[in-house]
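Just so you know, the protein sequences line up as chains A and B, in that order.
Residue numbering for the first sequence follows this note's numbering, beginning at 4 and increasing consecutively.
Residue numbering for the second sequence follows this note's numbering, beginning at 6 and increasing consecutively.
Keep in mind the hints are simulated off the structure, nothing from the lab.
There could be a bad hint or two in this list.
To be verified - Quick partial rundown of chain B residues pointing at chain A, CB under 7 Å, derived from the structure: (1) Asn100; (2) Pro114; (3) Tyr145; (4) Arg209.
As the structure is a computational prediction, the values presented were derived from the model and not from experiment.
All C-beta atoms, glycine included, are put in the ideal place defined by N, C-alpha and C.
Each chain is listed here by its residues.
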Amino acid sequence: MTRYVLKTLWRHRTRTLLTVTGAAVAMFVFCFVGSVQEGLQRLTSGADAERSLIVFQENRFCPTTSRLPEDYARKISELPGVRDVMPIQVWTNNCRASLDIVVFNGADPDQIQQTRPLKLLAGSWQQFTSQRDAAIVGRNVAQRRGLKVGDQFSIGDISVNVAGIFQSTVPSEENLIYTSLKFLQYTRGLDAAGLVTQHEVLLSSDADPDRVASQIDETLRAGSVATKTRRKGAFQASTLSDLVDLIGFAHWLGYACVGLVLSLVATTTVMSVQDRIKEYAVLQTIGVRPLRALRLVLAESTLLCLVGGWLGTALALLALGLGGFAIGAEGATIAFRPSFDLALSGIFTSILVGVVAGLAPAIQAATVPIVNALREA
Amino acid sequence: MALVELRGVSKSFRKGDETITPLDNIDLNIEAGEFLSLMGPSGTGKSTLLNLVSGIDRPDSGTIMVAGTDVTQLSRSKLADWRAANLGYIFQTHNLIPVLTAYENVELPTLLLKLSSSQRRQRVELAMEAVGLSDRAEHYPRQLSGGQEQRVGIARAIVAHPKVVVADEPTGSLDAETSEQVQVLLQRLNKELNITLLMVTHDRDVAAIASRQLVLDRGKFLELAEAGQTS
Ligand SMILES: Nc1ncnc2c1ncn2[C@@H]1O[C@H](COP(=O)(O)OP(=O)(O)O)[C@@H](O)[C@H]1O
Ligand SMILES: [Mg+2]
């Protein structure tokens, strides 16, 4: 009986191929949109987003406009609940929303190694800490820009030597390039000696993030520059707020894709069954149960959906894995990564859509008035 | 008890305001091993009768016992199971599944029964041999002639070893020569394999190959003659 389903699909290969291709394209987009959603989700959840704070100049947005004294770090670290403070100079090639944003974070190399959840995939920490213009590059950027250890990478007034490629448990971090703080501060055009863009604050395990944040702002109010401190997740979400709205809207695009697959596969299956309605009458005359006829049709629609959906999902994951895509603005980025959940939801959605798409024609095939169908020539 | 027993069977159809009653309170017995042909003018209800015996249609009243089962009492799903095990149906136009080979078409009914794959293969090969098409197993319906297609249809109807085989004008769309082949085949199936056959035809000569002939006219049967006494 499986053979019957397969041969039926094969008989109309053009139709089958078109349907499968359509389903694949739609599921590709579905997975892509899904990965953007996931990226956004990750940005505002997890320990890194919830348990660390970003101290930024008050009422400033683009990283180049926030200029905090570097020695705020000392004052912040004296506050209760603060475990560590990392002054960071940020440089980006593009402050507006962009798909090819390059963000440099300059910080103390030893501190980066100790506090960030990074793992070098290539290169060495030793070179990074010892060489002035050395940089370690997140694997997303490396993929996107085709960078390897030993390469010289120049953009704007900055030119760095790639000392390592890293991966991070925080995917958006994989869009960053880390250099030493000094190097970035002395970059032409920044003139940031003694100044940094932001301080990243790690909290001790019992500290309440929001309490510590307001304490920091309170304490620094006496200083030369007022600050605004937020959880890292909230900071990034507000930095990317325009994009967040857009991405929130994009999930409708995901639903539209599912609808598209549904109508595509349903149309094909309805056509296929209506063409062969007499065949189902013959099958039932031979002794095929109505329920079995129903299952045959469902198998047909599910197979169409599954092959197309699987293909689209696989291609999307492949593209996401190889492309290292990210969207960013004002120095914050959202990484699009392939994930197991994404694969699972792609496959699961395909199966579900396949069954739903086949339901109406399946019932039609199962309940066909046998005699009338046979009387039709 | 006869293999097939119809008691007080009526069936009518509505066509607009009109009600047609092709079968009006009829009785019929078919004994095991019998080859019964049913003749009559077009539109008298011959096909309707076959469909009732096959359980693909339901009478308005009456009982239809086939091999000890009252088919009027079974659900649609149970009827399918019952047909798979007990009934073979030969259509006027073979109604083979075009995407399946001759072999796969004949194999279809056996897939509905609990058989081992070797039993299955044996039965299919036997049925293909009975209709003389063993060498056409891998051909698709469109690669076969009309007569060959009909013979594959016959193989499909007998492969599950049904108790009754019904045939609705099995030679109706064949030329004289291939019709002849099919007639000989049906006769052989009845005589050699002892298959009980109920065949509808409007062709006197075709009807004559049966062991018993009936004519259906205005809702009633007319016993024509026992075999050999015709013409
Ligand atoms: N499903 C149906 N709906 C309406 N009328 C039908 C249906 N089936 C048969 N009939 C009518 O019942 C009569 C008998 O039909 P049928 O059994 O096919 O005749 P036969 O096979 O003897 O030519 C015809 O008048 C036909 O039009
Ligand atoms: Mg008829």
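Against the structure, the hints come out as follows:
1. Interface restraint check for asparagine 100 (chain B): the shortest CB-CB distance to chain A comes to about 5 Å, inside 7 Å, so the restraint holds.
2. Interface hint at proline 114 (chain B): satisfied, since its Cβ lies 5 Å from the closest Cβ of chain A, which is below the 7 Å cut-off.
3. Using the Cβ-Cβ criterion of 7 Å, the hint placing tyrosine 145 (chain B) at the interface with chain A is not satisfied: the shortest such distance is roughly 10 Å.
4. The beta carbon of arginine 209 (chain B) is not positioned within 7 Å of any beta carbon in chain A (closest approach about 24 Å), and the interface hint is therefore violated.
The structure fails to meet hints 3 and 4 from the earlier list, while all remaining hints are met.
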